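Here the structure of chain B is known, so what remains is to put chain L in place on it, guided by the hints.
So the chains spell out like this:
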Amino acid sequence: GAGVSQSPSNKVTEKGKDVELRCDPISGHTALYWYRQSLGQGLEFLIYFQGNSAPDKSGLPSDRFSAERTGGSVSTLTIQRTQQEDSAVYLCASSLRGSIGNTIYFGEGSWLTVV
Amino acid sequence: QQQVKQSPQSLIVQKGGIPIINCAYENTAFDYFPWYQQFPGKGPALLIAIRPDVSEKKEGRFTISFNKSAKQFSLHIMDSQPGDSATYFCAANSGGSNYKLTFGKGTLLTVNP
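Protein sequences, first through last, are from chains B and L.
Note that the first sequence ends on residue 119 in our numbering; no numbers are left out.
Note that the second sequence ends on residue 114 in our numbering; no numbers are left out.
Possibly wrong hints are sitting among the right ones.
[Unchecked claim] Chain B side only, calculated, beta carbon under 10 Å to chain L, not exhaustive:
(1) Ala-6
(2) Gln-10
(3) Pro-12
(4) Gly-44
(5) Leu-47
(6) Ser-62
(7) Pro-65
(8) Ser-66
(9) Ser-103
(10) Ile-108
Hints listed in this document are in silico derivations from the structure and should not be mistaken for laboratory results.
Here the structure is a predicted model, which means the values were calculated and not measured.
Note that the Cβ used here is the ideal one computed from N, Cα and C, for glycine as well.
In isolation and in its complexed conformation, chain L is listed as follows:
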């Protein structure tokens, strides 16, 4: 059973556009929601993360919007650049004493110049 559902699978935008990637979860025990960025041949790297006590977090051009009641969260990339082309993964921590992440299946973002 997939615990974090991510969409879309792939996304193409023009430079300057605002791609939005969505994730949904069912487990209400999830209490930490990071987004990871992965370039080809590299490991994923933490981009931005949010806790459920806030509805939005912004770091530079990246914003997470969080809707606790709907159990959804999304990543927005403002003024997207070709260098943002990568695979993006949402994730959630399942809570409890063990800190481990459950990942979505990823979104391949292409930003055309």
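Only chain B is shown next, with the shape it has when bound in the complex:
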């Protein structure tokens, strides 16, 4: 596709359930990012994948959060045992390279509500 594609666009889940959020980056982009956007809190970095390098997981808020990127393309963000504070928009982004000057393109996000 032309842009970063995310699914689902909206997800309502019960507290304690696991959720998976999917991201299809722009074709050919080697760098992929996950950010979380909470109301009034800006964008919070979660994880970064660059090619075959080990991912930068320094932004993951707890061990309930994990992400993988298969075949250097599609990525899945998994949240286990969801809590109400996990409610947010989860944004995926990609860039051609993981270096300065490469524009980071964002998807429209997956809106997660934990009830």
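Leaving out everything else, chain L in the frame of chain B:
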């Protein structure tokens, strides 16, 4: 600790006005400063970016002013239009081998007709 401080939280101007959004940072390792524009229900989109070796960059009606010594940078929107109404985020790259952005908390801009 918030590494990029953005102000104001919200801003209302009349059409044709020049809204100014300010950001400040402390980490001198930051070496790339983009601004993103976000419309409701959409992901942020890159608007304009600057490196610390220049003090100003202009693209169309959008200008970034950068003050390295003060560790501040700002976005100016000339001849603002109602279509510019959106949330604006400043950001900074923390340098190093990993290219990841630290964002400000955003400014909700409303341009009245």
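Hint check, failures only: 1, 3, 7 and 8
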